[in-house]
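Chemist: Take a look at the letters that make up each chain.
Number of protein chains: 4
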Amino acid sequence: MGPLQDIPHVDILAPVTRYARTARVPDQAIRELDEAIARATGDAGEPGPTYIEFPTDVLRTTVTANLIPQDWITAKPARRNIPYDALVADAVAAIRSAKRPLVVSGRGARKAGDAVVRFLDTADALYLDTQESRGLVPSDHKAVVGAVRAAAMSQADLVITLGRKLDYQLGFGSPAVFPDARFLRIADTASELIDNRRGAPEILASVDLTLDALSKALGNNAGQRDAGWLNGLRDKHQERIAKGKTTPAPQFGADGNIHPLAIFDAIRNSVAEDYIAIADGGDLLSFARVGLEAGTYLDAGAFGCLGIGVPFAVAASLAFPDRQVVSVNGDGAFGFNAMEIDTAVRHGAKAVFIVSNNAAWNIERYDQEVNYGGRIVGTTLRHSDYAAMARALGAHGERVENPGDLEGAIQRGLKNAPAVIDVITSQDAVSSDAQKGLGFVPDYQPLIAWDEAERKRRGERS
Amino acid sequence: MGPLQDIPHVDILAPVTRYARTARVPDQAIRELDEAIARATGDAGEPGPTYIEFPTDVLRTTVTANLIPQDWITAKPARRNIPYDALVADAVAAIRSAKRPLVVSGRGARKAGDAVVRFLDTADALYLDTQESRGLVPSDHKAVVGAVRAAAMSQADLVITLGRKLDYQLGFGSPAVFPDARFLRIADTASELIDNRRGAPEILASVDLTLDALSKALGNNAGQRDAGWLNGLRDKHQERIAKGKTTPAPQFGADGNIHPLAIFDAIRNSVAEDYIAIADGGDLLSFARVGLEAGTYLDAGAFGCLGIGVPFAVAASLAFPDRQVVSVNGDGAFGFNAMEIDTAVRHGAKAVFIVSNNAAWNIERYDQEVNYGGRIVGTTLRHSDYAAMARALGAHGERVENPGDLEGAIQRGLKNAPAVIDVITSQDAVSSDAQKGLGFVPDYQPLIAWDEAERKRRGERS
Amino acid sequence: MGPLQDIPHVDILAPVTRYARTARVPDQAIRELDEAIARATGDAGEPGPTYIEFPTDVLRTTVTANLIPQDWITAKPARRNIPYDALVADAVAAIRSAKRPLVVSGRGARKAGDAVVRFLDTADALYLDTQESRGLVPSDHKAVVGAVRAAAMSQADLVITLGRKLDYQLGFGSPAVFPDARFLRIADTASELIDNRRGAPEILASVDLTLDALSKALGNNAGQRDAGWLNGLRDKHQERIAKGKTTPAPQFGADGNIHPLAIFDAIRNSVAEDYIAIADGGDLLSFARVGLEAGTYLDAGAFGCLGIGVPFAVAASLAFPDRQVVSVNGDGAFGFNAMEIDTAVRHGAKAVFIVSNNAAWNIERYDQEVNYGGRIVGTTLRHSDYAAMARALGAHGERVENPGDLEGAIQRGLKNAPAVIDVITSQDAVSSDAQKGLGFVPDYQPLIAWDEAERKRRGERS
Amino acid sequence: MGPLQDIPHVDILAPVTRYARTARVPDQAIRELDEAIARATGDAGEPGPTYIEFPTDVLRTTVTANLIPQDWITAKPARRNIPYDALVADAVAAIRSAKRPLVVSGRGARKAGDAVVRFLDTADALYLDTQESRGLVPSDHKAVVGAVRAAAMSQADLVITLGRKLDYQLGFGSPAVFPDARFLRIADTASELIDNRRGAPEILASVDLTLDALSKALGNNAGQRDAGWLNGLRDKHQERIAKGKTTPAPQFGADGNIHPLAIFDAIRNSVAEDYIAIADGGDLLSFARVGLEAGTYLDAGAFGCLGIGVPFAVAASLAFPDRQVVSVNGDGAFGFNAMEIDTAVRHGAKAVFIVSNNAAWNIERYDQEVNYGGRIVGTTLRHSDYAAMARALGAHGERVENPGDLEGAIQRGLKNAPAVIDVITSQDAVSSDAQKGLGFVPDYQPLIAWDEAERKRRGERS
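Each protein sequence line maps, in turn, to chains A, B, C and D.
Quick note: to get the numbering used here, add 177 to the position in the first sequence (first position is 1).
Quick note: to get the numbering used here, add 177 to the position in the second sequence (first position is 1).
Quick note: to get the numbering used here, add 177 to the position in the third sequence (first position is 1).
Quick note: to get the numbering used here, add 177 to the position in the fourth sequence (first position is 1).
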């Protein structure tokens, strides 16, 4: 490699950004920036990270104001698109003829929460959120059937996706997963509209405007539902939720250390309702999917970018200084950016960082033990004293070795944030991800649960 | 390079397509094809060529019908998008407050011809087409001021782009070219909406639906126009057109051979009104911009892909067997695909291929003579007998050496198509492109005409 | 796509060149050119095409001579590398201990013909050429066993590669193809040295210098050979060659048209010994592998770049004006660049272009008939009159419809070159490539012949 | 972005590696690994990082041993190449005719130290190392003239590069920097042989073998030197070195905190002669170039990869457990991987990590102050207690606030390693890099010092 200025940054960033470019002409730098922002915020397709770099010579050039048209530096309104009448009519017909409609929301529905609720009420459909739109519909809404997800998908006759790709979490929309379904797809970006299964119809328009147009057009006539199906799934869902609430989380692993799930019970009992939850790690994320509940939730996402637990929490705390922020981190993932606790202190970011300190990259350690002949290499850590480290950097820090001390420690952390709560947890608590094997990618890439159905559909031996 | 199957076709094609992919999983091949077609036709951004390749093993695999969902093989309607009310209101306000509005159409307006005319009538705006939407508005419509293009752009106070990028042909929208203009941008794809200059407002919706919404909202109140400006430019335009029509094209070059412009006069006098015109070449294209008129017109486009003259004509003839097709080709460009005359004969494609046979790559030859010290290398050809070649391949063929014989030859060609009319033309007819120099790219890449204004704006020495 | 100057030519060319770059700084243009030439000729790895583009503004800039160091414009000697002593000793030991040594030459041995012969004589090894080094060793040398290629490879205990990749033509060096062999690899570029099978030793040095060093070091002691093996394969080879020579090529296909193989007999009887042969096409290439013999031979290569038959012949004729050049072309492939006959006439390139005119893309036609249900689409042509076309363009042209007329026509063509000999051939002559299916790529990509062995080795069902 | 398994890792890594590939076929995984290692170690061009990824399904597949040829898993000897006789003769002639020869070594000479010394003695040439081959020739060798680098380069009439690119640190070999020089280039990889200036001759062979061949061929006749030049530069070099040694480093910055240069004096007085030095940071690196001396030295290199200070030191300590390792880090750079102190403790890596804790990204802070109007954003830190953090993680930790305490602290650190010595330094000590401006890239990319000469040569205003 050559010196810093010879590195092809754009080539490196292009595969993980929506748009990557070098701005080389000084008097065009503001225009380039305007475009990079426009693309990041979704003015030219799916929103997402964009990359723009300004060479030092461009940065050092002074451009006279008259070369910069006002339209480059004026704030632009978000795109709003009205659904096409004929497609609304098609969608209404599809909904009216459905017996077992199911709505699935995703990223593109995030700002359409109220319209989604209105539509669910009007259309009398069942509802599933997905990781990227958690908390969009109140969990006690009667349409919510998250605990019977697989049954809902396999039995629906109409699946309405709202700003949601049919990705691996939805079995790529395969008939193996949705054997009886026709699709109605609604999104304001094509990437969430046409992937894997085509909608009849597909509506490329703002999700909220479209749902409200549908609700209005449906009026009092949403068609005849299969009431037995709707109620059966709702009841089953309620039953499972109730059972989950009355079953206490395990407190200890086999080695006597704290069970990671105990952390989430303690959080639930300590936080304000509007708190922001963040989860980071491998095993930890698997546990958090079950145990960590919050209206506002962030994690590493499908990309699996470990290390976000501390910086996301710092950012959330600074963006919402009046809300509690609790970040739960596996110790391996924590190590990536633990040093940003210094940043939290420097900027007064009042987050609580909980470390599930089981002295291991435990999915990998378990994988080596079970699948690779038991040779453990590079996957064990120490029960390092992260609380002491936090204190050294000027934050509050406590170590917890007994489940009974968790709530007190968390509550003191919230009061004295930024704070690190260093919890000695058990390596013997095996997460569902660890059991499946980390990153296992079957031939056709859907997750295990769907894959068995998929293989069956294709007539293969599973 | 390795063998055929190791060539990275996708890498090669990706830079010149909207989407390029290898379909590797047999039972997903139809879905992949559905997506490639969807993207080519604009379902996920600007339409354009897409590339999909199927490895031989995929081609040879038989997939059972039950693995192919119906939605993959159902024809999809074209996207239609309704403009957002608030933006329509903003646009109406912008139009009403304009004194000197100018409409410029492009690719994305191609199917909106009637709506454009209605809007021009309602809004009382001037109009410019561009190469990619030639013939959209009848040339005798009072809004058309193509002959005073530069003045219209430099004086307009509102520029309304319809499915049109602000590319080099529009000076990249620079204030050097549009010193007084605010922009109103309308397109159904972001790539024709936000480049270079941002609109206030920008409307991402179907161009025809948007224009009709604007026409309706404007009603009888389109605002006060600067009548002197409108009429002044219209009069000047008419004057230039009239002058052009009464000035006969030159018949001979200095060397006594036929002047290329004489070809276009002969075409005009020989073809049916709905004929399809195609132009291919370097110099030839420069002459054709002035002399070749047709409601349906194709050329190599901005990409400059020489060699399209014969195959485009074959395709046009087969697509519209009842219309006349005349393809005018520089002899250099003709050589690329002259062999496809065999294809025309084989498939009965009744096109007339006119060759402007000046025995040279004349822009380059001229360039070498004038700019590179007069060493002529590889830019001269022979007056090869393309008519005889056509006859050898089973087509009609005539050579023309006198301008007076052109019309007769073209008419016989139309009757006996496929036909090659091989016209011996003059190397001494220097086109405007040859004078400018082929492919000259100034620092900031606009064409010469705009560039001088641009340099002046930036305070540079020209 | 944008205008010509916005096309990312380097991105398009990069996948098929060794090096692709835009030279943007005028006073560095000569240095860039020097580097592009150096890389093309092998100064920085495997030689091959490189791409360098000069923007028009660079072309138009005049650079003062003092900015161009002499070393950029001085011709450089070809790289010569002496083998390392210790590796020569290792190689000698390997050769001495071999019972059944086999030498395989490739691209990198092209200029080492004499040294190869000396080495074969000294080491008493058998020899196989490959397509890319045809004619390197005289076909009557006693080491040559090309007619028993498969047996030689499967029985050798030492394989010595000379500037040769172990690509699909050599079964990727798999133990399935070479079950008993150790490898000794010699090349002056790493890409022909380490692929697929590692040598013991590997010698990165000039092939001729290395072979001469080995011959010298072996002296009179090349080790003990398995004489039965050597002689057995030599005898079998001779027997097959003799049989081939006494078996006349078929003269007609089932439809009564000329059999393509008849063309090669006629060539053999008409040309001078040092003639240059060129083959282009699909089926045609398959036939030419068997029938076309020449000391200097060119074809489309592994890349399969159809259309090279005419331009390669033009170039060969101009490079060697005193040698006969005969190019044999399938009619499909001929169509790509048939127009360059005009170039041959213009430049006086005295090549003979023979067209095997069977009015079809016959491999594909056959493939459609046999493997895709018999629907023939786009794979038939006409028996177009290519001879007449040649005459129209000023070349000599003859059509041949009877095998007995071939020799006379070829001889007249050689006298009156440039000339096209248009031979009406049979679609019913099925080549071995057509039988295998064009481009069929088994799972692991070796050709059919090896693949069966490969599948057996892996214990798969074939 | 999609899920983890959809990320195009190879695309991301390709721009910064020599080779990047996914190994998809289980029984080829070992061969792929063999190739990746071969390329990393220089078997196919310049050595450097390569990337190979194994999908989980490949990792989980068991391949039978018989499918893995021995040659894939046998260790290979490093490439050794003997120089070509004729080129050695040319080089000898060039050396004999030189009056003022200068040898410059680089990466590719690293293992040729003894041969370089022998050659310098034989050829009576002057010598310059470069960052990548520091310590190759003992600093007291009479050929070493590092303190008069610019004069040596501008006056030499023969420049002999040994495994060294002519990159920005050598003014790209421009005549502006080397106005009188002819080049003789020696390298075992083409990338260090042909860039920017071509050698006469260029020898692609092992550097040590080549130098020894040259020394032998020169014998007692190395030609006539310009003794005045040799001695003049040697004397000037000695004078500057002596002056440097007698001038004590500043102890304090203007704000009363420790001057970073004081750290290097303290190191010099505390370490064993064979200690390993590592430097990381921006400003810090600039200071280290002047003050940090060691026979074995590592830093972030031209790539400028901040954060290497801790992990490089951990690795060096584990690789050389019997040598002292001292890593000096700017506090900004330290933050990237400070957490790896935990790794040092876990693995018993006995390095001493010195932090120059000036509470700032000081080059950027200075840049903002001086060049961007004094708005300081995101470039100040805290005097965080890194010593306490180290103690929290189980390492030895001390803070030093007085220059007089530095030596004691470093010595205690060496005894109790791993250890962090947290030195409160001054923001007012402006490094030469900070003065020049970080990352400033002039038009033609050479560093400032050369650039002025370069601009003068081209007749530009500087």
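Keep in mind the hints are simulated off the structure, nothing from the lab.
One should not assume that every hint holds.
Because identical chains share one entry, a pair is satisfied inside a single copy or across any pair of copies.
Calculated lysine to aspartate or glutamate pairs in the EDC-like style (CA-CA distance at most 20 Å, straight line) [stated by the list, open to error]:
no. : residue 1 : residue 2
1   : K592      : E223
2   : K253      : D372
3   : K633      : D204
4   : K393      : D262
5   : K633      : D372
6   : K393      : D301
7   : K253      : D267
8   : K253      : E209
9   : K288      : E309
10  : K319      : E578
11  : K422      : E450
12  : K319      : D204
13  : K420      : D442
14  : K422      : D412
15  : K276      : D412
16  : K422      : D605
17  : K592      : D582
18  : K288      : D385
19  : K422      : E470
Chemist: Against each hint, give a clear statement of whether it holds in the structure.
Modeler: To see whether the hints hold, each was checked on the structure:
1. Taking the shortest Cα distances, K592 and E223 never come within 20 Å of each other, neither inside one copy (40 Å) nor across copies (53 Å).
2. Within a single copy, K253 and D372 get their C-alpha atoms only as close as 29 Å, which misses the 20 Å cut-off; across copies the closest is 14 Å, which meets it.
3. Taking the shortest Cα distances, K633 and D204 sit within 20 Å of each other only across copies (14 Å), while inside one copy they are farther apart (60 Å).
4. Taking identical chains as interchangeable, the C-alpha atoms of K393 and D262 lie at most 20 Å apart whether they share a chain (12 Å) or sit on different chains (17 Å).
5. Proximity of K633 and D372 under a CA criterion of 20 Å is satisfied in neither setting, with 23 Å inside one chain copy and 40 Å between copies.
6. In this assembly of identical chains, K393 and D301 lie within 20 Å of each other by CA distance solely inside one copy; the values are 14 Å within and 37 Å between copies.
7. In the homo-oligomer, the alpha carbons of K253 and D267 lie at most 20 Å apart only across protomers (13 Å), although the nearest pairing inside one protomer, at 32 Å, exceeds that limit.
8. In the homo-oligomer, the alpha carbons of K253 and E209 lie at most 20 Å apart inside one protomer (15 Å), although the nearest pairing across protomers, at 36 Å, exceeds that limit.
9. Proximity of K288 and E309 under a CA criterion of 20 Å is satisfied intra-copy only: 12 Å inside one chain copy versus 38 Å between copies.
10. For the homomeric pair K319 and E578, neither the shortest alpha-carbon distance inside one copy (40 Å) nor that between copies (65 Å) is at most 20 Å.
11. In the homo-oligomer, the alpha carbons of K422 and E450 lie at most 20 Å apart inside one protomer (17 Å), although the nearest pairing across protomers, at 67 Å, exceeds that limit.
12. Taking the shortest alpha-carbon separations for K319 and D204, neither the intra-copy value of 56 Å nor the inter-copy value of 38 Å comes in at or below 20 Å.
13. Within a single copy, K420 and D442 get their C-alpha atoms as close as 15 Å, which meets the 20 Å cut-off; across copies the closest is 69 Å, which misses it.
14. Taking the shortest Cα distances, K422 and D412 sit within 20 Å of each other inside one copy (15 Å), while across copies they are farther apart (82 Å).
15. For the identical chains of this complex, K276 and D412 are intra-copy neighbours only, at 18 Å inside a copy versus 66 Å across copies, given an alpha-carbon limit of 20 Å.
16. In this homomeric assembly, K422 and D605 never come within 20 Å of each other (Cα to Cα): the closest approach is 23 Å inside a single copy and 60 Å across copies.
17. In this homomeric assembly, K592 and D582 come within 20 Å of each other (Cα to Cα) only inside a single copy, at 16 Å, whereas the closest approach across copies is 39 Å.
18. Taking the shortest Cα distances, K288 and D385 sit within 20 Å of each other inside one copy (8 Å), while across copies they are farther apart (29 Å).
19. Taking the closest pair of Cα atoms, K422 and E470 come within 20 Å of each other only inside a single copy of the chain (12 Å); across copies the shortest separation is 65 Å, beyond that limit.
Consistency note: the structure conflicts with the earlier hints numbered 1, 5, 10, 12, 16.
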